[in-house]
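Chain by chain, the residues run as shown.
2 protein chains.
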Amino acid sequence: MASPTRNDCLALDSRDQLADFRNQFQLADDLIYLDGNSLGVLPRATKARLLDAVEIEWGQDLIKSWNKHGWMHLPTRVGDKIAGLIGAKAGQVVAADSTSINVYKVVSSALKMQKGRIKIISDQGNFPTDLYMVQGITNQIGRDKCQLNLVSPDDVISAIDDDTALVMLTQVDFRTGRIYDMDAITKAAHAKGALVCWDLCHSAGAIPVLLDECNVDFAVGCGYKYLNGGPGAPAFVYVAKRHLAKAFQPLSGWHGHASPFDFSTEFTPANTIESFLCGTPSVLAMIALEVSLDIWAEADMTAVRKKSMALCDLFIELVEDRCANHGFELISPRDANLRGSQVSFSHSDGFPITQALIAANVVGDFRAPNVLRFGFTPLYTSYVDVWDAVDRLVNIMATKSYDAPEFNVRGAVT
Amino acid sequence: MASPTRNDCLALDSRDQLADFRNQFQLADDLIYLDGNSLGVLPRATKARLLDAVEIEWGQDLIKSWNKHGWMHLPTRVGDKIAGLIGAKAGQVVAADSTSINVYKVVSSALKMQKGRIKIISDQGNFPTDLYMVQGITNQIGRDKCQLNLVSPDDVISAIDDDTALVMLTQVDFRTGRIYDMDAITKAAHAKGALVCWDLCHSAGAIPVLLDECNVDFAVGCGYKYLNGGPGAPAFVYVAKRHLAKAFQPLSGWHGHASPFDFSTEFTPANTIESFLCGTPSVLAMIALEVSLDIWAEADMTAVRKKSMALCDLFIELVEDRCANHGFELISPRDANLRGSQVSFSHSDGFPITQALIAANVVGDFRAPNVLRFGFTPLYTSYVDVWDAVDRLVNIMATKSYDAPEFNVRGAVT
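Chains as they are written, first to last, in this note's numbering: chain D, -6 to 407; chain H, -6 to 407.
Chain D on its own, in the form it takes in the complex (with noise of 0.2 Å):
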């Protein structure tokens, strides 16, 4: 069966409920871009918003603000609006400071919680810097209080014992897409008495998740991938309530206390989620990541989903038709339940190749060794998109334009 045509695509666009939020981007006109699970775009409301924000708020109102415009609660509001997209009632997320430190946070807590046990599993294909922030609590307080294992993600279940504190896992993993079982593997570690963590960095406002559900005890994410919140947006940390009490994490600042403004001099926790704040925030960065979930708030999940798949389902198949024979192998699950919202090849020249098609606008990214990893985000990509972006690539490999020597000097890429 022939693969589709351009105009399917057209049609497929025309017929799609998600089509108008794309106006709500700042996107080229010529652009593809595919990249969205790196750095999200720009909302077109971000421009006026941080505006307003410089200008009148810290320009003329300065420190009033902290009240006046509600600074002080930015982190749980932001938070707030986050744990909508990620299944979990109110007051169990906050937006504050980077996924490694939200990660620092969480692994403190989960080895105080789990007094006796030691070890943290994780996979070995997790993303870097979450393995990186154990090391330094290993390196920190010695191997015989905190252990990491890096386990093959289908040896996790078995590898969780009575030694574990915390099964710490990404649920989409970031070169190929793989999305673990939330809810298998949750139940598996709570037998065992571990407590979970949950990466959502290529989770949230990508697939549905369901944290309360599945009763995650952790979980934490960044504000910059499919959140749209800019550059290094403030990241978030969930922690379920029913551990809030007793949930300690040892980076206890100000922001983290319970009546922060009393100055005093010993440290009492907030116990409530406010508790994994730490210093003042971003006011600035928090802002802009709020106006992009405002539009996040309008959108309904499940449609974000089922698009979702559709246009991961339709590049493959694009790619696997029009460029057969060009040496690209699919190392995403096929089966789009198992995949969240990106495709990932891999190719012998998957990074001049990466090179060749930003030169021709369809910008996805390389991850080493031969990664060519896409990310689709259905709030403003369209099927015709994806049309385009194979056709731009069947020119290049037809042309071989991607052996050109510019497309070979290699930069750092996020």
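A portion of the hints provided could be inaccurate.
Chain copies aren't distinguished; within one or between two, either way the pair holds.
[Claimed, not checked] Using 25 Å as the maximum straight-line C-alpha spacing, the simulated BS3-like pairs for lysine-lysine come out as follows:
no. : residue 1 : residue 2
1   : K57       : K393
2   : K180      : K61
3   : K105      : K234
4   : K299      : K40
Honestly, the hints are just simulated from the structure, not real lab data.
Given chain D's structure and the hints, the job is docking chain H onto it.
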């Protein structure tokens, strides 16, 4: 001798070599802002620079900006600009995270470097979050590994002993403005084998700081007070070059890795000041901070200090003369050489008087239990501002207008 008149102040302003800097900041006409030690004002250039960063760097160039617009180097580039203000050669400062988080990095690092020593000495009046972070570490690793010893400011040197890992002090006291002798205390600490960490939150941009010359080990500070980087601006951390190769800090996220884009599963620290980075930085917040540092780069810190001392002396003289017998007691050092860029008075009605002043467009702040605190920022505060501020205070005291009920409602103040 009579205190200066308003005309005397206007004459001082006409001879002020820093007067033109005021044009670089946005300030409402009638506002006298004496709270730049809590939240610095908005530089006029910030808005356009942020708009450019949002529209062009994020909105248009998207992920490419990490290289194209140097986002990867923001923490060190901004850090080096701060270094110039605090007497540090380049390569020893990064802009990163919050002051609280940076305190955590430094204290953890010092404990690791000072194997066997467990005491952290600080003073009872230190800004609480610095103390809270040490308490967080104690709570995490145990009182046998980390003990916070709080002494009164005069007893700091005598408290340093062979068990002291780190002396951690805020150079300029946030309540009184008293300046510690950085050189003498650093020498005394080193004589006992202790390291020092200076919190520069009320020093950077307020007084000349000589970190390298004083042989300081570590320093931290914030970007949102005298540096005018915006609400919750990134903080900074200084690590003396001689310590960089061995200063392990446990918040070892990917931006502190020697090769972050190798995505290796093992953390290898950068061995440069970048090892004190952790997660992805807030790009927009970094850019806002950089704008104001570029203004600071044009300012002569000797001239800033001279004017700061003169503004503070003038304020004290006018309050003590014109508000005599109204119950104000100076709690800042009278000798300008021993005082930062702020003046504090105690008064039993400190809270409502502060509120009445704010209503009269003189913004200072209140610190429990009875402190009125006024920050003087020579780049945008004039001598006649000081005169007018006191004149409005005189009026408030004469009419007892601060007795009004609306001035007695407490709210959060930072």
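Status of each hint after checking the structure:
no., hint, result
1, K57 - K393, "between (60 Å within a copy, 23 Å between copies)"
2, K180 - K61, "neither (44 Å within a copy, 45 Å between copies)"
3, K105 - K234, "within (17 Å within a copy, 35 Å between copies)"
4, K299 - K40, "neither (30 Å within a copy, 40 Å between copies)"
Consistency with the previously given hints fails for numbers 2 and 4, ordered from lowest to highest.
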